[in-house]
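Chain residues, written in single-letter form:
Protein chains: 4
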Amino acid sequence: MLYKEFSIYVDMAVEARDLIRGAADQEIPGVKEDVEQLEHIKVTTITILNPSGAEKMDRPIGTYVTIESPPLKINDPYIRDEIVAKMEQSMQAMIGDHLKPQDTVLLVGLGNWRAVADALGPKFIEYSPITRHYHSYAPDALVEGMRPSCGIAPGVLGITGLETFEVIKGIVEKIKPALLVVVDALAAQNVNRIGTSIQMSNTGIQPGSGVGNARHAIRQEDLGVPVIAIGCPTIVSAAVIANEAVKKFCLNSGAMFNENTSLSSIKEILSPFGGSMGVTPKEIDEIIENSARIISMGVAKSLFPGISEEQLELYAT
Amino acid sequence: MLYKEFSIYVDMAVEARDLIRGAADQEIPGVKEDVEQLEHIKVTTITILNPSGAEKMDRPIGTYVTIESPPLKINDPYIRDEIVAKMEQSMQAMIGDHLKPQDTVLLVGLGNWRAVADALGPKFIEYSPITRHYHSYAPDALVEGMRPSCGIAPGVLGITGLETFEVIKGIVEKIKPALLVVVDALAAQNVNRIGTSIQMSNTGIQPGSGVGNARHAIRQEDLGVPVIAIGCPTIVSAAVIANEAVKKFCLNSGAMFNENTSLSSIKEILSPFGGSMGVTPKEIDEIIENSARIISMGVAKSLFPGISEEQLELYAT
Amino acid sequence: MLYKEFSIYVDMAVEARDLIRGAADQEIPGVKEDVEQLEHIKVTTITILNPSGAEKMDRPIGTYVTIESPPLKINDPYIRDEIVAKMEQSMQAMIGDHLKPQDTVLLVGLGNWRAVADALGPKFIEYSPITRHYHSYAPDALVEGMRPSCGIAPGVLGITGLETFEVIKGIVEKIKPALLVVVDALAAQNVNRIGTSIQMSNTGIQPGSGVGNARHAIRQEDLGVPVIAIGCPTIVSAAVIANEAVKKFCLNSGAMFNENTSLSSIKEILSPFGGSMGVTPKEIDEIIENSARIISMGVAKSLFPGISEEQLELYAT
Amino acid sequence: MLYKEFSIYVDMAVEARDLIRGAADQEIPGVKEDVEQLEHIKVTTITILNPSGAEKMDRPIGTYVTIESPPLKINDPYIRDEIVAKMEQSMQAMIGDHLKPQDTVLLVGLGNWRAVADALGPKFIEYSPITRHYHSYAPDALVEGMRPSCGIAPGVLGITGLETFEVIKGIVEKIKPALLVVVDALAAQNVNRIGTSIQMSNTGIQPGSGVGNARHAIRQEDLGVPVIAIGCPTIVSAAVIANEAVKKFCLNSGAMFNENTSLSSIKEILSPFGGSMGVTPKEIDEIIENSARIISMGVAKSLFPGISEEQLELYAT
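Chains as they are written, first to last, in my numbering: chain A, 278 to 594; chain B, 278 to 594; chain C, 278 to 594; chain D, 278 to 594.
Hints may be right or wrong, so weigh each one.
For chains that are exact copies, the list does not tell them apart, and a pair is met inside one copy or across any two.
Said to hold, decoys possible - Mimicking DSSO-like on lysine-lysine, the simulated pairs with C-alpha atoms at most 27 Å apart in a straight line are:
1) LYS446 / LYS319
2) LYS319 / LYS544
3) LYS544 / LYS446
4) LYS377 / LYS453
5) LYS559 / LYS333
6) LYS451 / LYS333
7) LYS309 / LYS319
8) LYS524 / LYS559
9) LYS333 / LYS524
Treat the hints as calculated values from the structure; they're not laboratory data.
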């Protein structure tokens with residue numbers, strides 16, 4: 278796939294699909310796609326069916342649901358409710374009947390809370406209902422039927438010196454949850470996606486992917502527990518934007534585009550910070566805030582069926 | 278010991294000693310004490326020698342070093358240097374020859390970063406050199422002779438739903454450090470101690486102790502790794518202050534003091550927040566900031582002998 | 278009034294009334310009182326009618342409305358709606374017909390955003406709709422009928438070196454608003470009030486009052502503009518709590534209470550931080566957060582009549 | 278000048294000079310330039326001598342000093358000391374003998390403390406010594422010879438609804454300072470400048486310039502007080518980077534560069550966020566932190582001559 282030069286992984290399945298299909302818009306063997314248009318949002322479900330599809334798409338076999346909506350920074354309650362309902366439904370389809378009412382769920386918020394564009398995961402933990410300690414110490418404070426939930430924001434390697442996988446694996450072995458829900462900020466290929474998309478998948482988080490840069494995959498094969506991964510694009514690599522600009526310039530001016538020349542030109546300009554420079558809109562803090570609140574509620578509704586939003590908010594920390 | 282009514286544990290060994298000795302100032306069997314007066318600071322080393330001393334002092338056999346200094350909020354560089362040097366020396370005495378040059382050290386910052394008076398531990402992690410990831414990914418970026426260090430601020434039970442012990446035990450099993458250094462904010466019995474004392478011990482952190490409220494001890498017996506615990510008083514329980522006020526009033530007015538009556542009177546006043554209300558000076562953010570920086574450097578100097586303060590600061594995150 | 282020793286001013290009119298009335302519960306000449314019990318909240322309106330009442334109550338002639346509710350940290354939407362509606366109605370009664378539809382309103386958030394218990398004012402600004410710049414630069418982005426509003430959190434003297442009054446007076450002279458709404462954290466005499474009371478008055482903020490410690494009154498006489506002041510108790514002085522504990526102890530043990538002895542005893546205990554030590558519950562950040570959101574909406578509804586909560590939230594910054 | 282399409286103003290005088298000179302490196306009439314190479318840093322002084330130079334350079338007559346250094350994120354104490362000493366010297370040259378020992382100085386930190394890359398100004402205030410209130414309330418707490426200093430971070434128009442100029446003008450009229458020092462984050466044309474340059478000028482801040490986007494100039498003509506402006510580049514517009522990439526691609530591939538086509542291509546890609554998207558390195562929080570500390574000390578040393586760094590830090594808030 279593209280951008281190996283800058284070690285840029287295409288986090289979103291819908292963008293990977295667009296890059297592979299190209300202008301010809303040809304079908305990708307081993308990959309199925311469904312599109313559903315609701316009142317305010319569009320839902321695209323990409324299913325990677327077999328190893329050939331997985332190789333093409335450079336990501337594991339599984340289901341990738343992308344919710345596209347009008348800008349989330351405009352905090353419209355109707356759009357929000359539609360997203361929350363769709364997330365609840367998609368989560369339940371991914372969970373199936375694997376989760377019993379008393380099973381523990383571990384929520385994981387990847388990323389760095391000190392860097393605004395990377396704080397989606399930690400904020401998700403902040404807004405999610407946490408109930409596991411009540412089960413041990415104050416069961417009467419729980420609403421009937423609430424399962425145990427717990428949450429951790431393990432930080433990033435550069436700050437802790439710990440691989441995210443080591444921390445999560447260690448905790449999983451101690452508390453033995455029945456499900457992990459992992460939230461992380463994603464990098465997009467297009468600024469239009471920032472604050473307008475949510476991706477959910479049942480395949481975990483892949484190495485090198487995400488702003489939070491887990492180097493070891495967070496997935497069922499290694500943890501022994503199903504992992505649902507949720508992400509929102511919050512940043513576009515400066516290299517990607519510059520490359521798109523060169524491509525568009527060539528198109529508009531009739532010059533011949535050559536990706537190698539483009540990328541090496543960009544490399545000269547972006548040193549010394551290289552591929553690590555990201556483009557983020559000024560409103561990114563509001564976008565993160567709103568997205569984290571919506572994702573928390575979508576996840577909470579699916580994990581605590583039948584409990585009202587008002588009640589769930591009382592258990593957020 | 279006192280204050281069982283409010284589940285108040287006396288975090289500082291020097292205060293426990295004062296409460297036991299009382300006005301009579303009698304010796305405590307099984308407990309040894311040394312006092313060293315340096316230019317700016319006073320260092321008290323209490324050694325609990327045997328089970329009888331441990332029972333009296335309500336804490337394990339081991340060494341408790343307390344550094345008392347003029348107010349740390351006044352950021353005097355000479356006082357700071359004396360404290361850092363004494364911490365380095367005390368740490369090295371506690372570590373002995375258990376730590377080989379390539380051994381990994383895990384730093385743990387207990388407490389809640391969202392509550393100012395409880396953020397000492399998380400800030401300690403922020404200011405400490407973290408090097409373990411360089412050993413794996415960029416060994417050339419290390420100064421000759423730097424050992425691997427990593428750090429985590431696991432948060433508090435009420436926010437994560439996870440026992441601090443579970444998180445730490447899980448990580449310890451994965452990364453197998455040779456030493457843990459755990460930092461936490463402490464509760465004092467006297468406002469004069471806030472921002473003027475640092476306690477170090479080789480006994481770990483006891484259940485119920487500390488502002489961060491670990492419910493399970495963080496200690497060598499359970500983790501299989503030596504644990505050095507460091508803390509600073511940042512808060513005094515409102516109940517303790519009110520009880521001291523009643524006691525002082527009785528002394529000054531000639532009334533008869535009765536602790537049961539005092540504590541039940543205080544309970545009426547402090548409901549509905551009860552024993553969880555703490556008194557903290559307005560300058561607490563500066564005190565936490567300065568204390569965290571000093572403790573980080575004192576620990577870092579002992580873990581990375583021969584490396585300058587300037588170099589160590591480059592590895593803080 | 279009491280506590281001159283610790284320069285403690287009784288911020289809340291209802292508490293000043295209780296202290297003056299004492300056990301005998303006698304009427305205060307020149308002071309009128311109305312109590313209204315709604316479904317979830319109790320509303321007490323104290324009107325100081327004349328100079329004699331003002332002297333007794335140690336605060337200016339005017340109206341003081343106190344809303345008492347169940348704990349605001351429990352984020353109950355029904356209670357919230359009742360408070361917002363009552364605030365809107367009380368604000369409108371205080372504003373009367375002084376405010377024309379195109380008049381500018383200046384919102385002022387007193388206090389220190391770096392100190393949790395003192396951040397109510399700055400957070401009020403954060404959650405309030407700010408529209409004045411749209412009137413100049415993007416009038417099409419406004420909902421029909423929105424007046425110009427602007428807001429400032431001027432910080433505290435100890436951080437800026439500027440008297441709050443100087444900053445506000447300077448801005449008032451430049452932008453000539455028709456009304457000021459000033460929000461500040463208050464000190465209470467009783468921990469039960471923290472997170473359960475909101476006080477509104479048409480008399481401005483008095484010198485020495487509030488956690489934010491304006492030294493010069495913020496009031497119509499000096500600014501030439503009507504000032505509505507709103508506050509929530511977020512802290513109780515440690516001295517007040519200790520004095521209450523001594524009083525209660527004397528009551529329970531039959532000892533003779535003497536306020537002078539009590540206060541001088543407390544002074545010994547609280548040095549070196551003295552009267553500046555405050556008691557605050559652990560949940561103070563949630564209490565501040567919820568209170569700021571409710572106050573912002575109550576104020577916004579009264580300043581932008583007929584505009585929905587959802588629309589108003591879009592203009593918060 | 279360039280980039281009118283995206284309303285991009287070239288904040289740095291050295292970059293404006295480069296753009297005007299172009300490849301031919303011709304002299305600019307009415308503009309004088311001096312370069313001084315110290316041990317670690319390079320100091321370029323551009324003097325705009327007359328209206329013709331001012332028109333060419335699109336900025337007022339006056340002196341612009343740019344300090345270029347190795348990356349400030351690498352917190353090297355020797356580099357830091359050289360920068361502080363040079364800033365002190367340049368400030369004193371700009372101040373001349375206009376400032377008497379008892380004159381008040383107003384420090385202004387432009388920008389938005391909630392947006393990391395825009396928080397340089399507010400952080401400058403945080404780290405600067407503030408002494409004016411001691412002159413009124415506690416003169417004994419001052420070191421002999423300390424002048425009154427005060428500071429404000431007025432926020433940004435989009436958050437307050439107030440023009441920065443209105444707030445500052447209002448305060449200036451109340452407290453009548455003899456000098457303003459205004460600090461703001463700047464936009465650069467090249468990522469290499471981020472965290473490696475400091476610009477100081479005696480001409481104030483121009484409209485439209487800076488990340489903080491003051492729309493009305495902050496300068497002596499309008500305020501009646503000399504204004505020294507200091508800034509650091511913290512961001513590069515995504516449009517600038519993309520345009521540079523297109524330019525470099527054309528150079529490398531032999532295609533013909535056309536700026537209009539390039540900019541209109543970029544516009545397509547960057548909508549809907551347009552010119553407001555900035556590129557910032559991941560380490561921006563450290564860069565801001567270090568730069569703010571260095572600038573604060575450079576300014577403080579020039580305003581409080583003869584007072585040690587340790588003493589000055591005690592007066593930071």
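To see whether the hints hold, each was checked on the structure:
no.	hint	result
1	LYS446 / LYS319	neither (35 Å within a copy, 44 Å between copies)
2	LYS319 / LYS544	between (36 Å within a copy, 26 Å between copies)
3	LYS544 / LYS446	neither (37 Å within a copy, 44 Å between copies)
4	LYS377 / LYS453	within (14 Å within a copy, 34 Å between copies)
5	LYS559 / LYS333	neither (35 Å within a copy, 31 Å between copies)
6	LYS451 / LYS333	neither (37 Å within a copy, 34 Å between copies)
7	LYS309 / LYS319	within (17 Å within a copy, 59 Å between copies)
8	LYS524 / LYS559	both (25 Å within a copy, 26 Å between copies)
9	LYS333 / LYS524	within (23 Å within a copy, 33 Å between copies)
This entry does not satisfy hints 1, 3, 5, 6, going by the numbered hints stated previously.
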